[in-house]
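For this one, chain H is given, so just place chain W on it according to the hints.
One line per chain: the protein sequences are H and W, in this order.
So for the first sequence, my numbering puts the first residue at 1; every next one is plus one.
So for the second sequence, my numbering puts the first residue at 235; every next one is plus one.
Calculated from the structure, these hints are not laboratory results.
Each hint should be verified, as a subset may be incorrect.
What the hints assert, rightly or not - As a list, the in silico DSS-like pairs of lysine-lysine whose alpha-carbon atoms are at most 25 Å apart:
#1 W:Lys511 - H:Lys31
#2 W:Lys263 - W:Lys318
#3 H:Lys231 - W:Lys784
#4 H:Lys31 - W:Lys984
#5 W:Lys511 - W:Lys522
#6 H:Lys158 - W:Lys984
#7 W:Lys784 - H:Lys158
What the hints assert, rightly or not - Chain W is nowhere near these chain H residues, computed Cβ spacing over 12 Å in every case:
#8 Asp3
#9 Leu138
#10 Glu141
#11 Cys205
#12 Asn218
#13 Glu221
No experiment lies behind these values; they were computed from the predicted model shown.
Cβ atoms here follow ideal geometry from the backbone N, Cα and C, with glycine treated the same way.
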Amino acid sequence: MRDFRLFKNAVYFPKSGICTISDLHIGLEDKLNKQGISFPFEERKSLVNNLKKVKEKFEPNKFVFNGDTLHTFGEIPDKVPEKLDEIISICNEECLFIKGSHDSMLPYLLEERDLEIKESYEYSGLKFIHGDKDLTELDDELIVIGHEHPSVEIHGDKIDCCLYEKGKSCIFSIIVLPSFSKLTKGVVINDMKLRDFMSPVLRNCNTFADFRLKIELNGEELEFPSLKKFKDKL
Amino acid sequence: MKDLDRSDSFTDEYIFEEVFEPSVMDWWKNKFGEYTDVNDGYFTPPQEEGIPLIHNGKNTLICSPTGTGKTLSSFASIINELFKLSKEERLQNSVYCLYISPLKSLANDIHRNLEVPLEGIEGIAQEKEGHDIDIKQAIRHGDTPDRERSKMLEDTPHILNTTPETLAILLNSPKFKNKLKTVRWVIVDEIHSLAEGKRGVHLSLSLERLQELAEKEFVRIGCSATVEPLDKVGEFLVGNKRDFEVVDCRFIRDMDLELRCPTDDLIHTSSEEINEKLYNELDNLIQKHENTLIFTNTRSGAERVLKNLREIFPDKYNIENSGCHHGSLGKDKRVKIEEKLKKGEIDVVTTSTSLELGVDMPYLDLVVQIGSPKSVSKLLQRVGRSGHALHHTVKGRLFVLDMDELMECTVMLKEADEGFIDEVQIPENCLDVLSQHLFGMAINKVWKREKMEEVISRSFCYRNISKDDFDDVIRYLTADYSGMEDKNVYAKIWYDEETGEIGKRGRLARVIYMTNIGTIPTSFSCDVYTREEDEWVGSLDEQYLDKLEKGDVFYLGGDKFEFRYRRGGKVYVDKTGKPSTVPRWFSERLPLSYDLALKIQKFRDKLLDLSKDEERSIESFLSDLSINEKAKESLTKMFREQISYASDSSVSTPNRFYVEEYLDKEEYERNFLFQSTYGRKFNDGLSRLLAYEISNKINANVSVSISDMGFSLTIPLNRDVEIVDLIKGIETSEIKEKMKNALEKTELMKRMFRINAVRSLMILENYKGNKKSGRRQQFNSDMMINFALEKDDFAVIEETYREILYDKLEMDHVKEFLDKVNNGYISVLKRELDNPSPFMFGIATLQASDVVLAKEKSEMIKEFHKRVMKEIQQEA
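If we strip away everything but chain H, and leave its shape as in the complex, we get (with noise of 0.2 Å):
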């Protein structure tokens, strides 16, 4: 399998020079506050910040935001395109998007901005989708997900979390990327089955022992052997 990098639950390719980003939900601070929770998550400042450290370690030729990118469905709240203005010009505008299961909105934007919008985007034996929807052809040989804000429990802390697996339990190689945004909670996999995850890509795989789990502390990469392999000692 491919070798990919992970910083601030970004994924980059090195051999393709593609950054992968999945899960913004753009507007979540705003729909929250309409319904009345009034808390600073200071949402534009975390997306902006974190994305300028990512851009900074990886200077990626293309970022890929995988779906997702917008919260609200229906309605997009006012502050919303200034957000989503700056993450594309933090990318000098080389970025495409993969549409989400919450991007309804998302074409409408994108159109006024000139950019492009796709259900996948496939690029040397990659293929980029968000994962809500299921596989319509399978002829690549590593497929990256979004959709399912992994994240592992480890005494107690919870840490969000990339899950992969090299085509043992699938007939392909799949990545799951964590959420990129820092107010979705991170489901904890610790004692998930392939039957509790929401996209029909995960689901139709064999096995969920076999994935393994990468995260990143600190700039520091750590690996995991697959679950079946640890799970007991989480």
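Only chain W this time, still in chain H's reference frame:
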């Protein structure tokens, strides 16, 4: 204002000649003439003192048991004054008297009780003097329909009967608040029950805001049953730097209290036998009395006792003449029982706490308490429901079913007899409540900060508020955090540092305030699922989760489960065969108070002295107490066994803290049992601190079980810790920070953060017509807690720590204790034993049940006991 000479003023003549208007006097004489024999005059003791004091404009705290004429002792002077004003045609269409009570049902009762004198006096005035008098009263609380509320603006009641929450709303009501400018009297009823929680804190600020609005200083009247300390409660009533008088009639009724132990040997008698004896005695008592009220410590306990009575004596107890009353029953059912109690049409009612306050029960002549009521004031409040008239003796019987309860209740009766009452703890400097009121004040007008601070610090609960705390709250309300964007979205008020002015922000401010104020949290129950099969196995009260840590074992529907984690409103568990670590009743049962625990400690110390005394025996000492023969025997036996098995030093005293260590090789565990006689909140606090220290030291999990009489810590057998040195080595200056670390990620912290986030209006329960459920609130607050922890001095987090550390875990008492250990006043002593000593049985077998003994526990205790006895015999 002139000073009253008590001996001259507190007489019938004074009241009739100097206080009462002729019509009021006539009504009074006519109404109470028949009781002059028992009352030794026309007035009961609280009336004889209260009426002149209030008439002379004194702030007055009246402490007197139910059934001693408290309502009229506070209202008589007020009615009299209103009557005079009305006669002189000076009574405006405005509020003169506010009556504030914690319960809506109490408000309804008082309304009815005032109708009689008001109508009576009006009738007499009409007939004799030809005056048309119309003193109006009305109730206003959460259930009052809009139509009636708006009517009150046109036709304003002179006496307004309300709750603390409604008062806070009225203070921000654009029109009605003007009707409060004329307030001259405020009565706070059942002040003891308000003072001990945040509702009271909230009320204390409302009263200061009301004073700011009122044209004159109003007279404050507090009514309370038995409470201690009177000076503190008095200060709570009147606020900082105001004078008050106390009418102390707490002990005017004769008491007939007795402790009953069903057997002389609580250890060996089977639970079936204890039950049989208990119910026979209960039946006997019920049959001998007109109406009997039975208090248990839990709702399920109340239901079980009723069920058992009906099953064992089917021809004596049925749906007609017996019933159950508690908070989770439907309103209809409760009202039905209340009606029957008022008319004396029911033989026996079982209850948990819901009948402690309010509702007159004139035919009630016996109160039974099963299990320990946990504090003397609770005991007196409950038994005081019987003989609801001054000339009747209060009659109460306490039944105990295990050894800890026996010791506890013996001490409780002894102390009650000697006039001791546990102190109420009044919370101070609560930042969430302060946030609500600052917001409310800013909605009404632009304030100078100094003026605001002055008003706030007039409340007893904020008399010592620091500038830092105040700053934290202003920073929170203005969303003033470094680098913070979009301040306007989150700010509730604005603050101009240059001019020192504060005002509200946001169009919706008033609506948000009106629909979200108050301090009573919405609670919810969690669904419990097994991790493996994802099977629903029951539901748990969320409070129960406060005591659960990963790995704790508890009972649910007859099976045992190990707690794994909670997600939102779902709790995930594993089925297990391990012994339980948290008793089922935990969240519901009242904790043993610190004060009373210290009395138990003293009592044990006394027994210890007696055991060495050649002049006087334990038996003769116990003979002076109101406990039955079997209780005496059981108590003596338990004490003797303790010292013969584990020596004199195995009793914790004011100078000794006793710890026992025993190894459980079967479970592969090392257990430390702490005979910590400082009450449950203290035990909760100290045990968490020690567990945190130990787990850091040995790098392994420590499981904690706590009870009223001690706690236990369990670690793996292959780990060891010098527990005595560890306790001695704790730096008391560091415990606050350590506790904060220990609390992080606990369910207790998460739940209290949610409650305080809601009370600080960070999560709005009611917003734009939608209501957020408790579960939803918890889900939202779980999202934000980590963000909140990262902010410096964030008011909601600070308040959460304050409430947990001081109101819930008594860290001030823990610190005092550790200081005494440090300076050698208390020595820590540890013994290693093969089995727990008798005093520690309860701590070692924490899955105690309520009312009916669980079989498992009694089996375990018997097992322990057998081994202990064998060892004593071998030594002999």
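What are the numbers of the hints the structure violates, in ascending order? Hint check: 1 fails alone, others pass.
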